[in-house]
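Chain by chain, the residues run as shown.
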Amino acid sequence: MNEQAPTDGKGIRGLPVLWLLLFILWLIVNASLATPILITGAVISFAIALIFARRSNVWHIAVTPRSAWHFLTYTSVFFTELVKANLNMLRYVYSPRIDIHPGIVRVRIRLKSPIGRLALSNSIALTPGSLVMDVRGETMFVHWLDVKTTDPDQATEMIVAPFEKHLEAVFG
Amino acid sequence: MKAASSLLAVLLFGAVFAGIVGGYGERESVSALAEQYLAMVPRELGAPNVVTGILITYRGFDTLGEVAVLFMVAAGVGVLLGGKDTTTASEPGREPRRPSELVGNGAEITLPLIFLFGAYVIKNGHLSAGGGFQGGAVVASGTMLLMLALPATKLNHGFLGVTESLAGVVYVGIGILGLVFAAGFLDSHILPLGEFGTLISAGAIPVISALLGVKVGAELSVIIDRFRN
Amino acid sequence: MELTGSILVLTGAFFLFSAGLGLLRMPDTFTRIQAGTKASTLGNILVLAGLGFYHPDWALKLLVVAYFVLMTNPLSSHALSRAAHAIRTPMAPSTMVDALREEGDRQGNGDVS
Amino acid sequence: MADMLLQIAGVLIFFAIVFGVARLVIGRTAIDRVVAIDMLTVVSIALIALYAHLSGRFVYIDVALVYGLLSFLAVLAIARFLEKGP
Numbered sequence: 000m001n002e003q004a005p006t007d008g009k010g011i012r013g014l015p016v017l018w019l020l021l022f023i024l025w026l027i028v029n030a031s032l033a034t035p036i037l038i039t040g041a042v043i044s045f046a047i048a049l050i051f052a053r054r055s056n057v058w059h060i061a062v063t064p065r066s067a068w069h070f071l072t073y074t075s076v077f078f079t080e081l082v083k084a085n086l087n088m089l090r091y092v093y094s095p096r097i098d099i100h101p102g103i104v105r106v107r108i109r110l111k112s113p114i115g116r117l118a119l120s121n122s123i124a125l126t127p128g129s130l131v132m133d134v135r136g137e138t139m140f141v142h143w144l145d146v147k148t149t150d151p152d153q154a155t156e157m158i159v160a161p162f163e164k165h166l167e168a169v170f171g
Numbered sequence: 000m001k002a003a004s005s006l007l008a009v010l011l012f013g014a015v016f017a018g019i020v021g022g023y024g025e026r027e028s029v030s031a032l033a034e035q036y037l038a039m040v041p042r043e044l045g046a047p048n049v050v051t052g053i054l055i056t057y058r059g060f061d062t063l064g065e066v067a068v069l070f071m072v073a074a075g076v077g078v079l080l081g082g083k084d085t086t087t088a089s090e091p092g093r094e095p096r097r098p099s100e101l102v103g104n105g106a107e108i109t110l111p112l113i114f115l116f117g118a119y120v121i122k123n124g125h126l127s128a129g130g131g132f133q134g135g136a137v138v139a140s141g142t143m144l145l146m147l148a149l150p151a152t153k154l155n156h157g158f159l160g161v162t163e164s165l166a167g168v169v170y171v172g173i174g175i176l177g178l179v180f181a182a183g184f185l186d187s188h189i190l191p192l193g194e195f196g197t198l199i200s201a202g203a204i205p206v207i208s209a210l211l212g213v214k215v216g217a218e219l220s221v222i223i224d225r226f227r228n
Numbered sequence: 000m001e002l003t004g005s006i007l008v009l010t011g012a013f014f015l016f017s018a019g020l021g022l023l024r025m026p027d028t029f030t031r032i033q034a035g036t037k038a039s040t041l042g043n044i045l046v047l048a049g050l051g052f053y054h055p056d057w058a059l060k061l062l063v064v065a066y067f068v069l070m071t072n073p074l075s076s077h078a079l080s081r082a083a084h085a086i087r088t089p090m091a092p093s094t095m096v097d098a099l100r101e102e103g104d105r106q107g108n109g110d111v112s
Numbered sequence: 000m001a002d003m004l005l006q007i008a009g010v011l012i013f014f015a016i017v018f019g020v021a022r023l024v025i026g027r028t029a030i031d032r033v034v035a036i037d038m039l040t041v042v043s044i045a046l047i048a049l050y051a052h053l054s055g056r057f058v059y060i061d062v063a064l065v066y067g068l069l070s071f072l073a074v075l076a077i078a079r080f081l082e083k084g085p
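Protein sequence lines, in the order shown, are assigned to chains A, B, C and D. For the first sequence, counting from 1, position 95 maps to 94 in numbering that gives the first Met the number 0; every step adds exactly one. For the second sequence, counting from 1, position 92 maps to 91 in numbering that gives the first Met the number 0; every step adds exactly one. For the third sequence, counting from 1, position 27 maps to 26 in numbering that gives the first Met the number 0; every step adds exactly one. For the fourth sequence, counting from 1, position 73 maps to 72 in numbering that gives the first Met the number 0; every step adds exactly one.
By construction, these hints were calculated from the structure, which means they are not laboratory data. Incorrect hints may have been included.
Partial list, derived from the structure: chain C residues whose beta carbon lies under 10 Å from chain A [said to hold, decoys possible]:
#1 14
#2 55
#3 57
Distance condition first, Cα-Cα at most 27 Å in a straight line; then the derived BS3-like pairs of lysine-lysine [said to hold, decoys possible]:
#4 A:147 x A:83
#5 A:83 x A:164
#6 B:153 x A:111
#7 D:83 x B:1
#8 A:111 x A:164
#9 A:147 x A:164
#10 B:153 x D:83
The beta-carbon is built from N, C-alpha and C at its ideal position, and this holds for glycine as well.
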């Protein structure tokens with residue numbers, strides 16, 4: 000976290016994104032568009048955004064049409080993989096004898112930004128038979144329900160590649 | 000043996016819980032006193048949430064007492080645990096494990112949402128479920144997440160202390176204003192009632208509720224932080 | 000509309016049921032964490048989506064809840080599995096490889112930043 | 000029809016809870032029990048949302064949100080505690 004923060008970690012570049020996000024969230028939870036709610040929401044979300052945008056560089060996200068498009072593709076890939084993962088899981092759970100060969104394998108990740116790494120690990124945790132155990136620098140240790148290969152490159156290709164392409168374009 | 004005893008514990012708990020759930024039904028009728036409160040609070044105080052209305056106005060003095068108790072707890076914890084910072088700073092034996100990077104990142108992302116939700120619960124005090132104490136607790140749980148996921152963070156005790164004292168002073172100040180301008184101590188009619196059911200309504204109740212939320216959140220955060228070491 | 004909603008809820012409940020069954024049947028802690036996390040997350044999202052069909056005016060708030068679950072559930076399972084590995088919870092006998100253990104032993108298992 | 004499907008869903012969720020509790024009782028290791036609790040929470044969130052629908056009260060969704068938040072915190076705290084070891 001802190002050790003890999005760039006030099007402008009204290010900046011407020013992430014402020015607009017966070018402010019907008021919190022403001023939208025405020026409107027959703029309040030389920031109302033009355034003026035007092037708009038005003039208090041703007042003030043409160045600005046205060047919280049100011050505090051947290053200065054704390055960390057998590058929110059340094061550049062929103063461009065290209066990244067938005069990749070985010071959409073990422074979402075669709077994610078949901079298909081989620082459903083596939085569950086059907087896969089059902090096969091294991093309802094088979095009379097559970098025949099699996101779990102193991103922890105090593106994969107490489109290229110993502111640098113904290114939020115991208117988080118999104119990647121959450122995606123991996125929810126997709127077919129894999130769960131992130133630990134991250135050390137560029138290496139990610141993944142628990143695999145049915146180990147097909149122990150070679151890091153092949154494992155990366157099978158587990159990480161579908162998401163990383165899009166996440167790299169969104170978060171960097 | 001262990002499994003049997005845990006099974007017994009779960010079964011007992013289940014029986015108690017089943018009793019509660021089985022006996023639960025939405026109450027059809029309310030008692031005479033409740034009826035009176037239900038009619039009186041929206042009319043006199045303009046607050047849809049009857050419980051908060053009662054807590055902050057008719058029982059305002061008790062609420063002040065509760066806040067004072069919480070304050071004393073915070074102060075007591077500070078006195079008992081405060082001086083140990085230097086001795087427990089680094090134990091030579093085993094280094095604590097580095098917290099997970101992913102959990103830290105996740106906390107950075109979830110924390111603003113949690114604090115926003117805390118603000119929402121506080122703001123909801125006089126309208127629907129919510130209020131100062133509940134919202135303060137949500138804010139404090141956000142602080143707890145901060146402690147758990149990002150142990151390197153230092154809380155600014157001075158700032159929290161000032162915030163909390165300020166909220167307390169303004170709370171009592173509003174009470175005295177009620178004594179001067181309205182019927183008595185902590186009377187909420189120093190501000191106009193406004194339109195029923197909107198955010199700015201019910202006199203001083205939202206203000207008092209927000210102050211309570213800030214105060215409770217700051218106090219609980221300080222208590223949690225004191226227990227960290 | 001209502002029928003779509005109830006079918007979604009039923010599918011979600013089925014996934015929740017499978018999560019419970021997986022929790023019971025899987026051979027070791029890590030595989031249990033996997034079964035519990037994945038199936039329960041999808042089940043929960045499906046139930047919330049189904050309720051969204053019943054009450055379109057609740058949809059946005061249900062979306063917030065679903066998003067929250069989607070974000071926190073994998074994280075907590077990650078924290079749990081990390082802790083389980085750190086205290087050397089036994090793995091299933093059919094386990095093939097444990098790269099993290101090899102790595103940790105090579106680093107002297109200190110694991111201090 | 001729709002109501003009947005919802006009732007079947009309720010029964011399925013009930014059995015999910017029963018399985019979760021069974022894992023909680025069997026345990027084996029402390030982590031297993033925490034996993035069971037984690038899964039039970041997610042089931043409970045779905046159940047609270049379902050109850051909000053059945054009783055028609057929008058406010059209960061907030062309860063589900065707070066519950067999810069607190070359980071997430073609890074699991075993180077227990078994981079951190081177990082990690083430090085005895």
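Practice item. Sort out which numbered hints this structure fails and list those numbers smallest first. Key: Number 2 only.
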